[in-house]
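Novice: One point on numbering: in the UniProt record's numbering, the residue at position 12 of the sequence shown is 12, and numbering is uninterrupted.
Please keep in mind that the hints were generated in silico from the structure rather than gathered at the bench. Note that the structure is a prediction, hence the values are computed from the model and not measured. A portion of the hints provided could be inaccurate.
[What the hints assert, rightly or not] Using C-beta positions, here's what the derived DEER-type ranges look like:
(1) Tyr71 <-> Asn37: 12 to 20 Å
(2) Thr14 <-> Ile55: 15 to 23 Å
(3) Phe11 <-> Leu44: 17 to 25 Å
Ideal Cβ placement from N, Cα and C applies to all residues, glycine included.
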Amino acid sequence: MLVGVAYADKFKQTWLKLDVPEGSTIREAIERSGLLNQFPEIDLEANKVGIFGKISKLDAKLVDGNRVEIYRPIVADPETVERRDRGGELDDD
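Take these sequences, add in the hints, and give me the full structure.
Specialist: Structure, rendered in structure tokens:
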């Protein structure tokens with residue numbers, strides 16, 4: 001069956017299509033994809049994974065056409081977050 005495996009770091013997005021055996025899991029598809037070698041920062045015990053934007057477990061079974069996604073932690077700049085929270089309002093000082 002054909003599935004996609006996607007990962008994006010801050011510089012590059014990668015989406016691979018691969019043929020995996022029926023009954024393959026998310027973990028097996030990721031391991032077959034070669035992304036773990038290409039992006040050594042991926043830690044399957046730490047990074048969340050999902051199918052089409054829905055968080056899933058590594059042992060979840062795939063069906064034909066699924067897109068497996070490997071999510072990376074989001075690091076927010078506190079100054080940027082504060083500005084967004086204020087909604088662009090100006091101080092009255």
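Novice: Next, verify each hint and record whether it holds.
Specialist: Hint by hint, here is what the structure shows:
Take Tyr71 and Asn37: their Cβ atoms lie about 19 Å apart, and the range 12 to 20 Å holds. At roughly 20 Å, the beta-carbon separation of Thr14 and Ile55 lies within the given 15 to 23 Å, and the hint holds. Separated by about 21 Å at the C-beta atoms, Phe11 and Leu44 satisfy the suggested range of 17 to 25 Å.
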